[in-house]
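*Asks:* All chains, full assembly: derive it from the sequences and hints.
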Amino acid sequence: MCCIVAGSVHDYTLMKDVFTPGSAWFEKVNLWLDLGFLGADKDYQSTQIYLPHKKPRKSKKNPNPTLTPEQKKQNRKQAAARVIVEHAIGGMKFFHCMMHRIRNHLGHFVDYFFSLSAGLWNYKIC
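For the sequence shown, our numbering assigns the number 26 to the initial residue and increments by one for each residue that follows.
Some hints could be false.
Claimed, not checked - Mimicking DSS-like on lysine-lysine, the simulated pairs with C-alpha atoms at most 25 Å apart in a straight line are:
| no. | residue 1 | residue 2 |
| --- | --- | --- |
| 1 | Lys83 | Lys98 |
| 2 | Lys67 | Lys102 |
| 3 | Lys97 | Lys80 |
| 4 | Lys118 | Lys86 |
| 5 | Lys85 | Lys97 |
| 6 | Lys102 | Lys79 |
| 7 | Lys80 | Lys102 |
| 8 | Lys102 | Lys86 |
| 9 | Lys97 | Lys83 |
| 10 | Lys97 | Lys79 |
| 11 | Lys98 | Lys80 |
| 12 | Lys41 | Lys53 |
| 13 | Lys83 | Lys41 |
| 14 | Lys86 | Lys67 |
| 15 | Lys98 | Lys118 |
| 16 | Lys80 | Lys67 |
| 17 | Lys102 | Lys53 |
| 18 | Lys98 | Lys41 |
| 19 | Lys67 | Lys97 |
| 20 | Lys98 | Lys79 |
What the hints assert, rightly or not - Taking CB as the label site, the calculated pair distances span:
| no. | residue 1 | residue 2 | range |
| --- | --- | --- | --- |
| 21 | Lys80 | Leu56 | 17 to 23 Å |
| 22 | Thr91 | Glu111 | 33 to 39 Å |
| 23 | Leu141 | Asp66 | 32 to 38 Å |
| 24 | Asn55 | Leu141 | 26 to 32 Å |
| 25 | Phe139 | Asn55 | 35 to 41 Å |
| 26 | Arg101 | Gly61 | 15 to 21 Å |
| 27 | Trp57 | Phe119 | 30 to 36 Å |
What the hints contain is simulated information worked out from the structure, not anything from laboratory work. From the three backbone atoms N, C-alpha and C, an ideal C-beta is built for every residue, glycine too.
*Replies:* Below you can see the structure in the form of structure tokens.
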């Protein structure tokens with residue numbers, strides 16, 4: 026399966042397709058994920074996964090749900106690390122070949138565009 030997918034595919038579904046659960050893909054690395062990947066800690070148990078804390082649901086017993094100050098602090102720390110990656114992805118979109126539809130039938134051509142824009146963005150920020 027190609028790592029660049031056109032259309033609306035959920036991030037976690039794509040992750041499970043590319044990196045099958047139960048395999049040894051992430052044994053030696055730590056994964057910092059956002060709340061779109063809820064359930065990853067159950068599917069990929071052999072790795073250390075860091076997910077932000079989710080705000081509790083509002084209920085009759087808990088009419089004003091909030092996170093504890095320690096949970097908020099941990100969420101901010103994770104967000105500060107993730108924002109660097111998000112800005113890098115947004116920076117690659119600066120090169121318009123990643124934003125517009127590529128009208129080419131060669132499958133590897135899309136990967137070249139992705140590699141080229143990633144390399145140019147890394148060169149720009151260094």
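*Asks:* Now tell me if each hint is right for this structure.
*Replies:* Status of the hints after comparison with the structure:
no.: 1; hint: Lys83 / Lys98; in the structure: holds, 21 Å
no.: 2; hint: Lys67 / Lys102; in the structure: holds, 23 Å
no.: 3; hint: Lys97 / Lys80; in the structure: holds, 10 Å
no.: 4; hint: Lys118 / Lys86; in the structure: violated, 45 Å
no.: 5; hint: Lys85 / Lys97; in the structure: holds, 23 Å
no.: 6; hint: Lys102 / Lys79; in the structure: holds, 14 Å
no.: 7; hint: Lys80 / Lys102; in the structure: holds, 16 Å
no.: 8; hint: Lys102 / Lys86; in the structure: violated, 30 Å
no.: 9; hint: Lys97 / Lys83; in the structure: holds, 18 Å
no.: 10; hint: Lys97 / Lys79; in the structure: holds, 10 Å
no.: 11; hint: Lys98 / Lys80; in the structure: holds, 13 Å
no.: 12; hint: Lys41 / Lys53; in the structure: holds, 18 Å
no.: 13; hint: Lys83 / Lys41; in the structure: violated, 31 Å
no.: 14; hint: Lys86 / Lys67; in the structure: violated, 28 Å
no.: 15; hint: Lys98 / Lys118; in the structure: violated, 30 Å
no.: 16; hint: Lys80 / Lys67; in the structure: holds, 20 Å
no.: 17; hint: Lys102 / Lys53; in the structure: holds, 22 Å
no.: 18; hint: Lys98 / Lys41; in the structure: violated, 29 Å
no.: 19; hint: Lys67 / Lys97; in the structure: holds, 23 Å
no.: 20; hint: Lys98 / Lys79; in the structure: holds, 13 Å
no.: 21; hint: Lys80 / Leu56: 17 to 23 Å; in the structure: holds, 21 Å
no.: 22; hint: Thr91 / Glu111: 33 to 39 Å; in the structure: violated, 25 Å
no.: 23; hint: Leu141 / Asp66: 32 to 38 Å; in the structure: holds, 35 Å
no.: 24; hint: Asn55 / Leu141: 26 to 32 Å; in the structure: holds, 29 Å
no.: 25; hint: Phe139 / Asn55: 35 to 41 Å; in the structure: violated, 24 Å
no.: 26; hint: Arg101 / Gly61: 15 to 21 Å; in the structure: holds, 18 Å
no.: 27; hint: Trp57 / Phe119: 30 to 36 Å; in the structure: violated, 24 Å
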